[in-house]
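K.L.:
The primary structure of each chain is shown beneath.
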Amino acid sequence: GNSVTQMEGPVTLSEEAFLTINCTYTATGYPSLFWYVQYPGEGLQLLLKATKADDKGSNKGFEATYRKETTSFHLEKGSVQVSDSAVYFCALTPENTGNQFYFGTGTSLTVIP
Amino acid sequence: DAMVIQNPRYQVTQFGKPVTLSCSQTLNHNVMYWYQQKSSQAPKLLFHYYDKDFNNEADTPDNFQSRRPNTSFCFLDIRSPGLGDAAMYLCATQRGLDYEQYFGPGTRLTVT
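In the order they appear, the protein sequences are chains A and B.
Mapping to our numbering: the first sequence position 83 is 83, numbers consecutive.
Mapping to our numbering: the second sequence position 26 is 26, numbers consecutive.
Rather than coming from a laboratory, the hints here were simulated on the basis of the structure.
Computed from a predicted model, the values in this text were never measured in an experiment.
A virtual CB, placed ideally from N, CA and C, is assigned to each residue, including glycine.
Watch out, some of these pointers could steer you wrong.
The list that follows gives simulated cross-link-like pairs (lysine-lysine, DSS-like), each with its CA atoms no further than 30 Å apart [unchecked claim]:
no., chain 1, residue 1, chain 2, residue 2
1, A, Lys49, B, Lys44
2, B, Lys38, B, Lys52
3, A, Lys52, B, Lys44
4, B, Lys17, B, Lys52
5, B, Lys17, A, Lys49
6, B, Lys17, B, Lys38
7, A, Lys56, A, Lys77
8, A, Lys49, A, Lys77
9, A, Lys49, A, Lys60
10, A, Lys52, A, Lys77
11, A, Lys60, A, Lys77
12, A, Lys68, B, Lys44
13, B, Lys52, A, Lys49
14, A, Lys56, A, Lys68
15, B, Lys44, A, Lys77
16, A, Lys60, B, Lys44
17, B, Lys44, B, Lys17
18, A, Lys49, A, Lys68
19, B, Lys44, A, Lys56
20, A, Lys60, B, Lys38
21, A, Lys52, A, Lys68
22, B, Lys38, A, Lys77
Listed next, with one range per pair, are the computed distances between beta-carbon atoms [what the hints assert, rightly or not]:
no., chain 1, residue 1, chain 2, residue 2, range
23, B, Arg79, A, Thr28, 34 to 42 Å
24, A, Lys52, B, Thr112, 45 to 53 Å
25, A, Ser79, B, Ser40, 36 to 44 Å
26, B, Asn56, A, Glu95, 20 to 28 Å
27, A, Thr28, B, Ala86, 32 to 40 Å
28, B, Arg79, A, Gln81, 29 to 37 Å
29, A, Thr71, B, Ser40, 21 to 29 Å
30, A, Ser3, B, Phe15, 27 to 35 Å
31, A, Thr5, B, Lys17, 36 to 44 Å
Sequences are here, hints too, so could you generate the full structure?
P.N.:
Structure representation (structure tokens):
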């Protein structure tokens, strides 16, 4: 079946530290991969996405590369800010099924000044 | 400007008392979804509409129903809430397949 596994949190970092949140997936073929972010009191927002192998999604300084060989889509940011504190969700849609979203359990990030 | 609106943000209901959660959108998107998210768990898809076509997930309990009277509105009805139904309920919209989903802020349901 289809599933997403992401690293458990919570993660606490100092401002300007390097961030990695691991995400691996199980799916047949070539799913589309997403990172969503949920700020306190708000809904999930799309952060970035990649739709084919070796694609790199990027937004607001965050990056993630679609690695088919390792079935991974790790989220990275070189220098986090306090405003990046949120919960991050990795998700996939299986190939040719754009309305079936599978989410990971979320990773809570807190950035301290 | 809010694009996906959920009301109320917090809902308390009694065990067994029917409750309705509301979602509206200003995006004119074809697809609308309802997810259930329990604490520290991934959002779980309950059902979705593609226009008026209703699609129920196989493991969604019969206790959960949905209505979409028009493009803008979608409702989640829980006919007889149990304690295990306490969760955050998320509404999302999508312009069509293969597009991103836009989420509302969620309604947190408490069952007493």
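K.L.:
It remains to establish, for every hint, whether it holds in the given structure.
P.N.:
Here's how the hints hold up against the structure:
no.	hint	verdict
1	A:Lys49 with B:Lys44	holds (20 Å)
2	B:Lys38 with B:Lys52	holds (28 Å)
3	A:Lys52 with B:Lys44	holds (25 Å)
4	B:Lys17 with B:Lys52	holds (27 Å)
5	B:Lys17 with A:Lys49	violated (41 Å)
6	B:Lys17 with B:Lys38	holds (20 Å)
7	A:Lys56 with A:Lys77	holds (13 Å)
8	A:Lys49 with A:Lys77	holds (15 Å)
9	A:Lys49 with A:Lys60	holds (13 Å)
10	A:Lys52 with A:Lys77	holds (21 Å)
11	A:Lys60 with A:Lys77	holds (9 Å)
12	A:Lys68 with B:Lys44	holds (25 Å)
13	B:Lys52 with A:Lys49	holds (28 Å)
14	A:Lys56 with A:Lys68	holds (12 Å)
15	B:Lys44 with A:Lys77	holds (28 Å)
16	A:Lys60 with B:Lys44	holds (27 Å)
17	B:Lys44 with B:Lys17	holds (23 Å)
18	A:Lys49 with A:Lys68	holds (14 Å)
19	B:Lys44 with A:Lys56	holds (27 Å)
20	A:Lys60 with B:Lys38	holds (28 Å)
21	A:Lys52 with A:Lys68	holds (9 Å)
22	B:Lys38 with A:Lys77	holds (28 Å)
23	B:Arg79 with A:Thr28: 34 to 42 Å	holds (36 Å)
24	A:Lys52 with B:Thr112: 45 to 53 Å	holds (48 Å)
25	A:Ser79 with B:Ser40: 36 to 44 Å	violated (28 Å)
26	B:Asn56 with A:Glu95: 20 to 28 Å	holds (23 Å)
27	A:Thr28 with B:Ala86: 32 to 40 Å	holds (35 Å)
28	B:Arg79 with A:Gln81: 29 to 37 Å	violated (45 Å)
29	A:Thr71 with B:Ser40: 21 to 29 Å	holds (23 Å)
30	A:Ser3 with B:Phe15: 27 to 35 Å	holds (32 Å)
31	A:Thr5 with B:Lys17: 36 to 44 Å	holds (37 Å)
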